[in-house]
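Put the two chains together into one complex, using the hints given.
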Amino acid sequence: MHAISASEIKTLRLSIYRYDPLKKEKPYMQDFDIDIPAEKDLMVLDVLMLAKEQDPSISFRRSCREGVCGSDGLNINGKNGLGCITPLSDAVKSNKLSIRPLPGLPVIKDLIVDMKQFVDQYKKVKPYLITDKKVDTREAIPQTIEEREKLDGLYECIMCGCCSTACPSFWWNPDKFLGPAALLQAYRFIADSRDTATEERLEQLEDAFSVFRCHGIMNCVSVCPKGLNPTKAIGEIKKMLVKRAL
Amino acid sequence: MAMNGKGTLLDASSLPVKEFDGIIVGGGGSGMMASLQLAKSGMSTAVVSKVFPTRSHTVSAQGGITCSIQSADPDDDWRWHMFDTVKGSDFIGDQDSIEYMCKEGPEAIFELENMGLPFSRTEEGKIYQRAFGGQSKDYGKGGQAERTCAAADRTGHALLHTLFQANVKAGTNFLSEWFAVDLVKNQNNQVVGVIAFEIESGEPYFLKSKATVLATGGAGRIYQTTSNALINTGDGTGMALRAGFPVQDMEMWQFHPTGIHGHGTLVTEGCRGEGGYLINKDGERFMERYAPNYKDLASRDVVARSMFTEILEGRGCGPDADHVYLKLDHLGPEIVHKRLPGVTELSKRFAHVDPAEHPIPVVPTCHYAMGGIPTNVHGQVISQNPDGTDKIIDGLYAAGEAACVSVHGGNRLGGNSLLDLIVFGRSAGLHIEETFKSGIKMDNPSDDDIDFALRNLNRINISQSGENFVQVKKDLQKTMQMNFGVFRTEELMVNGIKEVSELREKSQNIHLADKSSQFNTARVEALELLNLIEVAEATAISANERKESRGAHSREDYPDRDDENWLKHSIYFSETKQVSKRDVNFRPKQVQAFQPIVRTY
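Those sequence lines, one after another, are chains A and B.
The first sequence stops at residue 227 when you use our numbering, and every number in between is there.
The second sequence stops at residue 602 when you use our numbering, and every number in between is there.
Check the hints yourself; a few may be wrong.
[As the list claims (entries may be wrong)] Cβ-Cβ distance ranges computed for the label pairs, FRET-style:
#1 Asp448/B with Asp133/A: 49 to 59 Å
#2 Asp444/B with Thr125/A: 54 to 64 Å
#3 Ile598/B with Asp133/A: 22 to 32 Å
[Stated by the list, open to error] Examples of chain B residues lying across from chain A (beta carbon under 8 Å, computed):
#4 Thr55
#5 Ser61
#6 Gly64
#7 Glu114
#8 Gly117
#9 Ala159
#10 Ala167
#11 Lys170
#12 Asn174
#13 Gly315
#14 Ala523
[Unchecked claim] No more than 20 Å apart at the CA atoms, straight line, and that leaves these computed lysine to aspartate or glutamate pairs for EDC-like:
#15 Lys41/B with Asp113/A
#16 Lys107/A with Glu112/B
#17 Lys4/A with Asp515/B
#18 Lys207/A with Glu120/A
#19 Lys127/B with Glu120/A
#20 Lys131/A with Asp515/B
#21 Lys97/A with Glu199/B
#22 Lys170/B with Glu34/A
#23 Lys507/B with Glu34/A
#24 Lys114/A with Glu112/B
#25 Lys4/A with Glu204/B
It should be emphasised that the hints constitute simulated quantities derived from the structure, not laboratory data.
Cβ coordinates follow ideal geometry from the N, Cα and C atoms, glycine included.
Excised from the complex, chain B in its bound form (with noise of 0.2 Å):
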């Protein structure tokens, strides 16, 4: 049954079923671990993913992987790397999720290292480890630490390709360039699969499985500037809450202080280190106004906070004042171009201009969701019960970006990103063939549990008139990254939770004009909008409702951290628009669980 131009309605009765025991949406890094997993147990499994595998945004990172392995250090402990993962957190890091995490992360790495990724090498043939922020031994008491397994600075390139090639050996069934729109969910809240569509020929597909799992990976198109990809448009997100589950510390957003402007494209924070400082439109180091001592080597948020203030008090560059610069000319091309000469390539590719001549357009641009759907250390997705308790969602999961297990709380370390990927896709894997092992038993959906799901496809296909999404969105990115942005206000996120609020009306009224079938990007990008609507709103209404300041979630009007009040996870439910509290866990399994005390460095 084909999308055709005449807008024919899709229904429960004629769609296509197809069914394996395990469904992974998406194709990085996360989704990538959890199919390896099932597809060596010798389950049925599809990955759906938007993308070919290697096109998804884990190929971006560059640093490496952080991991007690034991390598630069033989007295490395994963305790230490636990303590530093909870410190980052700001102390709402669950300590069950975190402590698993740096335990387990060990045998992933080398399970990776069996695989084939090259990482790079010791001089005793071990795998190299590097220096990243935020590292310590001994508990913070024993100076920096090197903990960080990479390879030359494409480690996300060579996970992502290492663990594409032994899908392609496990025999992994992909359907590459297919589009999941919808959960389906039975009478019993039960996920059974989702609605997804092949993007080359536009036909739809009821997946049915047992196990479903999110690893959609991040939403910073949310943003106007973000150094995301262009498919980071949290679908996962998206399709959970539209299905009625609950997100999690949505308002913390990790920002990096210098992205290219109109890219988001980061330049490294080396530049300032190599003297290099930002300026405002009449030439002024504004820095020195913020902070006298470190000035522009202040902390990221700290810088990142100041760059908002100058361009929301007008005194941003460019035509539209929405931008700083930073300037690295005084330095002299020797200096630039041998000390920086990565820095001068990007700054050449994507901002046109040479920074030994022009200084850089530089604003803080959205890198890191550290909140998502819920989980617990098996990627079960948690909802919540009336009185406040855990309810774990049957059927469904996730892991990676999408997820918020929470091992990052309110700020995530460089480097925990990619382990967070590894450990976690790998332990949904590994419950879905334990679960199915015990055997499961679900309820089949009802013609209406599908015909529900297929709601928005059929809407978007059958609409005559409407608004302009490709305006929606660019209205929505603009709102976020001034009212939602490094630093924020009651005042500011008010104002952006209305403009959210009627965006959300209008995206409800979106026109696809183009109804062909065939690998219409379109309508692609249509049913995108409808999830980058729902993180969006979860974002504007768990910030405004965290009356704190805690890791990258900055307020003005509460600049202190509050433990009394908000040492506790947000949880947003996109159909009530509330937000309720739940408890951190700070139960570690094998050691006492870390208190929290005043964050500096």
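Just chain A, same shape as in the assembly (with noise of 0.2 Å):
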């Protein structure tokens, strides 16, 4: 970036989708014209703060804003994103920035979804740890690095949603296909070497949607704001699965 004098400032297009299921009205995008400070790149998120300001009945979700709580998954310009770390030099096209809500979720209200079956899904792979190794309160149960490493690139997971909702597979089956970041979950307990219920999990999983209905289109990959991979962890479900079956 090149430094520009302060004083300067940018107006942005803003459009926003809003719904508000009391009101008989259809769904509809409002446009906002935002002053931003040209030598600041703002984020998603700051610009929405921003709106709110102009509009206070605009609702979203929103926490952390530093993107390790997961709130703000949105719909930006098109591609799923974390408002709070999504840079308008990131996200705007032509001096426009379109915000909706993430695909594929009943809308309660504006960008806010209706996470239930997203996190149904997580629930359904029983995502906590089950072993029958000895449990003692005084000690923990042995785990050697390499073992640990095996879990970097599942754990990170703040469950946004913006992977199960890039994902056309989801989007058609979201109460039988698990969806990327229920499987993430589900391999991240089968990864992990102190869990001993890797048969009960792989044999829930057996069926031709829970994992299967995963056809490598790898949106989710493309989308996480934590940069983890969800496709591999469901391809090494399916291998074991696989390799179980013969």
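See below:
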């Protein structure tokens, strides 16, 4: 970025998806002109908060504003991402910014989607340690550095929903295909040396939909704000299922 | 009964009731530790959280959990951890609580590991522990200890998600995206639940319970610049104060010197360790004047205080002269990008500068509240009798950053916040379980009691005109930042108290223009402002009252620690706006109490 005088102001044309379930009108895009200091590369969330100062009725979720809590998954100029860590320089095209709710989930209001389906799929994979190893509150279950490294790239998921709501297979079968986020979580426990329920976990996943509706489109990988790779984890599960079937 | 645009008044007779054995307000680390305990015991429990639990601020903790689990050092001793914590607190941490935390900590850590928390590991396959500030062996005589258990630099995330998962397994009932407005008390001053509404529908309820745990976290949003999440608005603290219960040591706020200006996210002290330094608007390396020997690597409070002096004396940078610069560009891109890649990314992302080319605008950032709702080691909330003795409030508990148990006293050590959450969330759960076994009897609240708890929600729902709450919040944050920052004087604080008092008046007359019921985030923000005001006023008045410098509270007009008069907790009541003193606990059960010494490192 080259230096520009601090007084310079740029006007951004922001377009926000609006929907109020109690009003009769259909969803529509509302336009705002937002003045932003030209020398600052604001985040999409900053711009949303500026728009909310103009119209306090705009609803969206936000919390940590630093990319770790997963509240503000949004569809930003057509691509899923977190509002708080997506800079305008990455998102804005021809001085226009359109913000819509994450696709594929029911909209509650404006940019707020109903995450129930997403969370239900997460719960289905039993996202917790199941172990028949000796558990004692006076010591840790042993795990080597190498065993622990297998969890890197898996445990960091923030459940923002960007991946599953970018996945055409999840759009088609959100109740039967578990989706990339839940499957990443499933593999996080399969890969954990302390977990002894691999057989039980695989058995639950072996139907035609839960895992096998993933066709390797890899939208999940391209949108994950944490740089994780659900497609790879799904591939590992598929390999284990195939091996088990032989 | 919906809150509709016509401004219908809510009242007790038509308010739906949901009843639980225990209610936990807040779904962060301490809340979910307490709920896990209750769910396992088979009690009907609800976690009332204004965000989905994994959005809670515990998720942002990075470094780790300090605890003597004897992994890095088989000879480590919880008593050494206790000594460090007492000293770090500048001797106003309660020694019975610190003893309990340090002694019970290992069991809680192993419990979390057994639940699946992906701790980093040692060569022997044990939990990895790293060195942190203020950590010693052998009561300060044996050099640096390595006592902080870590999951890479994402310990808070790993902890919060593990706890959520364990609660899913235990079948905990989450009232996710519900906002708790106020406590309900009966005529015996016992707490019998909360008024809360489901944010999605706007439907209000009386959530009735014999045990209510406030686990609502910090309130860093009273300041303009904070490392805290947008949701950290001190909701439980505000509720407690409005219900007539006191808060303790509210003047004690930890500031970190290098928060990114306008954002508050931290950049590490390692920047200055690599040779970076702070400059004012004239390009002067001002720390040479304040700390000729250690310069930019003087202790955090000294550096933060010096930065604030520069700003107040008109040598700040930027159009509003409200920050200074952290200069790294003289180190060259090689060192900046290779040794400080995380800082480079944060700086580019949030300060919009590449630190190899431009200095980073920084300002001391509000980080953590050592003060809060006073409790004993079981999480039971304490008030004060007229004669100064403690009085336990039936039915009310607090844990985590919202509480002041007090393990941090005047200054918290890094890594002790997560341990506090886990140990005292658990102890509150255990105590509630025990109390239920022995039987609790409480009178029902009267309709008047419930209506009283509905007053703020009603006032906002029927407002026709009034103050803009967004503006009141901005003004509050500005006055707190300018008058109750890293160093304090009576002159500034008296001015600040006056301004906060005026803002409180305005907050009594705020207008909510949008009366819609469904997912009305403006309603939530308006109610959050009422909590911020309570916390800010408690901070302001307590800070002016403590006439000494101790821990995070540094006064230019009273630069020394005054053990004769102020080896005490401050206790503040909102109704009278009076501050009284409470004895610090010097009665640990298994060790000799640590007596105050001069605090040097």
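Checked hints:
Look at Asp448/B against Asp133/A: about 57 Å separates their beta carbons, and that is inside 49 to 59 Å. Taken as a hint, the range 54 to 64 Å holds for the pair Asp444/B and Thr125/A, whose Cβ atoms sit roughly 58 Å apart. Taking 22 to 32 Å as the suggested C-beta distance range, the pair Ile598/B and Asp133/A does not conform, at roughly 44 Å. A distance limit of 8 Å between C-beta atoms decides the matter here; for Thr55/B the minimum to chain A is near 6 Å, and the interface restraint holds.
For Ser61/B, the interface hint holds, the least distance from its beta-carbon to any beta-carbon of chain A being 5 Å, beneath 8 Å. Violation of the interface hint for Gly64/B is found here, the shortest Cβ-Cβ separation to chain A being roughly 14 Å, above the 8 Å cut-off. Given the 8 Å rule on beta carbons, the hint for Glu114/B holds: about 4 Å separates it from the nearest Cβ of chain A. Satisfaction of the interface hint for Gly117/B is found here, the shortest Cβ-Cβ separation to chain A being roughly 3 Å, below the 8 Å cut-off.
Interface hint at Ala159/B: satisfied, since its Cβ lies 6 Å from the closest Cβ of chain A, which is below the 8 Å cut-off. Interface hint status for Ala167/B: upheld, as the beta-carbon distance to the closest one in chain A is roughly 6 Å, under 8 Å. For Lys170/B, the suggested interface contact is upheld, since its CB lies about 4 Å from the closest CB of chain A, less than 8 Å. Because the beta carbon of Asn174/B sits about 14 Å from the nearest beta carbon in chain A, more than 8 Å, this interface hint is broken.
The interface hint given for Gly315/B is broken, as the beta carbon of that residue sits about 18 Å from the closest beta carbon of chain A, more than 8 Å. For Ala523/B, the shortest C-beta to C-beta distance to chain A is roughly 4 Å, which falls under 8 Å, so the interface hint holds. Restraint check for Lys41/B and Asp113/A: satisfied, since their Cα atoms lie roughly 19 Å apart, inside the 20 Å limit. About 19 Å separates the Cα atoms of Lys107/A and Glu112/B, which keeps this hinted pair within 20 Å; it holds.
For the proposed pair Lys4/A and Asp515/B, the alpha carbon gap of about 14 Å is at most 20 Å, so the pair holds. For the proposed pair Lys207/A and Glu120/A, the alpha carbon gap of about 32 Å is over 20 Å, so the pair is violated. Annotation: proposed proximity of Lys127/B to Glu120/A holds, straight-line Cα distance about 9 Å (limit 20 Å). About 50 Å separates the Cα atoms of Lys131/A and Asp515/B, which puts this hinted pair outside 20 Å; it is violated.
Of the pairs offered as hints, the one joining Lys97/A and Glu199/B holds, with about 15 Å between alpha carbons and a cut-off of 20 Å not exceeded. Of the pairs offered as hints, the one joining Lys170/B and Glu34/A is violated, with about 41 Å between alpha carbons and a cut-off of 20 Å exceeded. Distance hint between Lys507/B and Glu34/A is fulfilled; the C-alpha atoms sit about 19 Å from each other, no more than 20 Å. Straight-line distance between C-alpha atoms of Lys114/A and Glu112/B comes to about 14 Å, which keeps the hinted pair within the 20 Å bound.
For a cut-off of 20 Å, the pair hint linking Lys4/A to Glu204/B stands: about 18 Å separates their Cα positions.
In this structure, the earlier hints numbered 3, 6, 12, 13, 18, 20, 22 are contradicted, and the remaining ones agree with it.
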